[in-house]
Amino acid sequence: MFTFSSKTRNIIFALMAIGVIAIAYGFITNPARAWSSLLHNAFYFNAIALCGLFFVAFNYVAQAGWAVGFIRVPQAMAEFLKYGCAALLLIFLFGHHDLYHWTHKELYDPASPEYDAIMAGKTGFLNMPFFIIRIVLYGLIWAGFAYMIRKNSLQEDMEGGLEHYNKNFKLAAIFLVLFGITSSTSAWDILMSIDAHWFSTLFGWYTFAGLFVSGLAMMCLLVIWLQSQGYYDNVNNNHLHDVGKFMFAFSIFWTYLWFSQFMLIWYANLPEEAAYFQVRWENYKLLWILNLFINFLAPILVLMSRDAKRQKQILVVAGLIILCGHWLDVFLMVMPGTLGSHAHIGLVEIGTMLGFLGLFLFVTFSELAKAALVPKNHPMLPESLHHHI
Amino acid sequence: MSQLHEAVVRDPLVLGEKTYHQITEDVCRPVEGKANKFWWMAFTISLTAFLWGFCCFAYTVGTGIGAWGLNRTVGWAWDITNFVWWIGIGHAGTLISAILLLFRQRWRMSINRSAEAMTIFAVMCAGLFPALHTGRPWLDYFMFPLPNQFGSLWVNFNSPLLWDVFAVSTYFSVSLVFWYLGLIPDLATIRDRAITPARKFIYGVLAFGWKGTARDWGRFEEVALVLAGISTPLVLSVHTIVSFDFATSIVPGWHTTIFPPYFVAGAIFSGFAMVMTLLVITRKVLGLEEYITVQHIESMNKIIILTGSIVGIAYITEFFIAWYSGVEYESYAFINRATGPYWWAYWMMMTCNVITPQLFWIRKIRRSIVASFIISIFINIGMWFERFVIIAVSLTRDYIPSAWAMYHPTFVEVGIFIGTIGFFFTCFLIFARVFPVIALNELKTILKRTGDQFLKRHE
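Residue numbers (our numbering), protein chains in the order written: chain U, 62 to 450; chain A, 89 to 547.
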């Protein structure tokens with residue numbers, strides 16, 4: 062049983078306080094910047110939570126046993142979804158004017174000089190009520206499945222038997238189908254529609270790949286941290302090795318999708334598509350190149366060898382690199398669209414990130430403290446306890 | 089030891105309370121015995137189809153590709169459709185041997201051998217089409233970057249078509265090595281059991297002097313792991329580059345960024361369908377029902393649902409973004425697919441690829457051998473039409489209506505396609521007679537974890 066110590070709690074409150082101050086400072090100096098930063102971090106941490114749920118779900122469906130020993134960690138991460146989705150909804154409701162160009166009414170008025178025929182053609186999808194309905198739906202689906210799967214898992218601790226496992230298996234399968242759809246559509250909604258003229262069919266999967274890596278990295282760091290606090294002596298190098306393999310493989314997968322999307326647009330060089338990269342290349346060249354270095358070269362070099370994946374210190378380094386790298390990736394997806402050429406990573410951005418991190422950790426740790434860290438009646442548990450590769 | 093910790097929810101993968109010796113007997117029997125009537129019948133039909141295809145092939149080489157139904161608007165149609173279809177089928181083998189190995193999926197053990205063999209034959213069939221499409225196949229060596237002494241360097245390194253040459257040939261070589269490596273211990277088993285000197289000699293040469301010592305096995309496993317590591321990005325890269333052939337262009341319906349992963353998912357989807365088609369027959373004919381169990385079929389069907397759904401989501405994504413983009417040509421390309429003169433091909437593809445695999449959500453259907461076989465045939469057909477819709481239908485109507493044309497295949501190109509199917513089955517039938525279709529030595533390593541007599545004990 063995990064106890065959320067007051068020391069940890071105080072550090073987390075300090076992070077949240079920094080976040081509040083940074084956001085307040087942002088609103089006083091430049092509201093558009095504050096909104097963009099809020100959107101950036103709300104999306105990022107919500108997606109990490111979503112990947113926690115995704116991890117739990119595919120472990121059920123694939124009948125994977127090795128991760129059961131620490132499955133409570135991604136389960137607890139997923140509990141952040143309800144707060145993350147609520148934050149996204151609030152940010153949209155109050156900040157849409159600064160964030161989403163397509164919410165400006167004059168674009169759709171043929172008499173206005175701002176009239177935009179292309180945008181007018183998209184109103185069937187990009188309109189306020191439908192957008193709000195979609196965000197609410199995502200929240201209900203994601204948080205709902207997180208709640209149901211966790212509830213069954215906790216009941217299994219009390220009652221045992223295979224009934225809860227089988228129920229969760231079904232729930233996980235249904236969730237994966239819904240996840241397959243919503244992971245793409247939510248990326249279109251929340252991120253792609255910022256650059257409302259631009260489109261890319263791969264965008265949803267590209268976003269998902271990056272966020273899956275971040276989710277894995279967060280899970281890895283949390284497990285290692287919990288071990289350093291004296292928990293999880295059932296998790297050993299073999300488990301961490303497998304988590305490391307996932308981080309390694311999906312970093313490459315992310316790069317593969319990055320390359321596919323970029324190369325095809327660069328090669329065909331159609332103006333309506335290339336504009337997206339043009340803006341980023343011209344105004345954010347350094348960050349844009351750094352993105353590829355941090356998210357591809359760093360994980361591939363650090364995690365290549367078997368020994369590296371079996372050492373906690375190296376996994377921590379890799380995990381931190383990946384988390385920073387994909388935070389930067391989301392930064393590059395949001396900021397050029399909302400702030401144009403003059404966004405940068407400053408106190409507001411980092412402060413907001415720390416604030417959200419605090420909130421995320423607070424929710425995760427509170428959830429972890431509510432139940433046993435090891436699901437003792439999970440039928441796959443013996444496999445996880447004797448996992449050896 | 090470790091078998092004691094197997095979760096109770098896992099089903100056995102080897103039935104019939106097998107011993108190690110029985111596994112050897114069961115798997116070697118088709119290689120050592122005589123072929124039955126069914127085998128000869130299948131072989132005759134396949135060989136006839138192959139010969140018919142060979143005549144059409146010779147006719148094409150003699151007269152040029154004017155013998156096909158291509159025209160100035162539709163320069164790629166039946167031939168390139170076949171190429172992509174066969175390459176796609178060739179994906180399951182390496183996926184099963186490499187990616188499932190990395191994911192420690194034990195059910196791969198009984199099916200990897202035949203899936204890998206199938207991969208190799210499928211890639212050979214695929215390679216024929218672009219080679220022939222060049223028009224003068226006797227000059228095909230110019231596809232490789234030859235030294236300038238040969239004549240000036242001809243290849244265009246900027247072209248995805250050239251990347252394809254490299255990708256497919258690399259894939260073929262690595263798959264072949266992987267397949268053969270796995271065969272070595274099993275060939276040695278057959279050598280050791282041989283009663284005629286000729287058989288002993290031939291299998292002895294093929295087995296590379298395998299002794300089965302601990303050191304042999306240690307190296308074997310190390311190489312298998314290294315090859316798995318190399319093959320995993322290869323599996324993704326081959327169909328990715330095939331998709332680049334289309335997606336780097338600006339033809340509406342071809343140029344879309346989702347193509348690379350979507351083609352890979354489609355390839356695995358069609359590959360598993362073909363493995364299913366072959367294995368359902370193989371297990372019956374060779375009497376391997378206790379090794380290729382309903383459990384294996386169910387696992388493959390789950391992969392089919394997964395990849396089929398990914399493909400389905402990709403279809404819908406393409407359709408949606410075509411509208412969302414506001415690009416007139418792009419939107420039209422998709423409306424034309426669904427309602428234009430080739431609407432039947434589109435709906436064939438949608439029904440076979442998106443709707444039929446969803447039936448596997450029902451447990452009864454995905455555990456039914458007959459249903460699995462029928463649905464796998466549907467998917468094979470559907471995936472052929474998918475490529476036809478993407479390749480030919482997009483070309484028939486692109487930017488300028490004055491250039492629009494229809495495409496009608498001739499008997500020659502259809503004949504070559506039939507010929508490759510004949511070749512594929514001929515090779516597979518020969519394979520099933522001369523090599524063990526199950527990786528018997530690898531299978532023995534999981535017997536104590538997944539054999540039914542061992543699993544029962546601790547339930």
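There's no promise every hint is true.
Per the computed footprint, the stretches of chain A lying under chain U, defined by three or more beta-carbons under 8 Å from a beta-carbon of chain U, are [to be verified]:
id, region
1, 95-103
2, 392-402
Under the rule of at most 30 Å between Cα atoms (straight-line distance), these lysine-lysine pairs were calculated in the DSS-like manner [to be verified]:
id, chain 1, residue 1, chain 2, residue 2
3, U, Lys166, U, Lys212
4, A, Lys122, A, Lys532
5, U, Lys346, U, Lys212
6, U, Lys373, U, Lys228
7, U, Lys346, U, Lys431
8, U, Lys231, A, Lys452
9, A, Lys390, U, Lys228
10, A, Lys106, U, Lys306
11, A, Lys288, A, Lys452
12, U, Lys346, U, Lys437
13, A, Lys452, A, Lys390
14, A, Lys536, A, Lys390
15, U, Lys212, A, Lys372
16, A, Lys288, A, Lys390
17, A, Lys452, U, Lys212
18, U, Lys306, A, Lys452
19, U, Lys143, U, Lys346
20, A, Lys372, U, Lys306
21, U, Lys231, A, Lys390
22, A, Lys106, A, Lys372
23, U, Lys431, U, Lys231
24, U, Lys212, U, Lys231
25, U, Lys228, A, Lys452
26, U, Lys68, U, Lys431
27, A, Lys390, A, Lys372
28, U, Lys437, A, Lys390
29, A, Lys106, A, Lys390
30, U, Lys437, U, Lys228
31, U, Lys437, A, Lys288
32, A, Lys125, A, Lys299
Heads up, incomplete: computed chain A residues facing chain U, CB under 8 Å, no partners named [claimed, not checked]:
id, residue
33, Pro348
34, Pro349
35, Ala459
Treat the hints as calculated values from the structure; they're not laboratory data. Where a beta carbon is used, it is the ideal one built from N, C-alpha and C, also for glycine.
Can you list which hints this structure breaks, lowest number first?
-> Numbers 3, 5, 6, 7, 10, 11, 12, 15, 16, 18, 19, 20, 31, 32, 35, in rising order.
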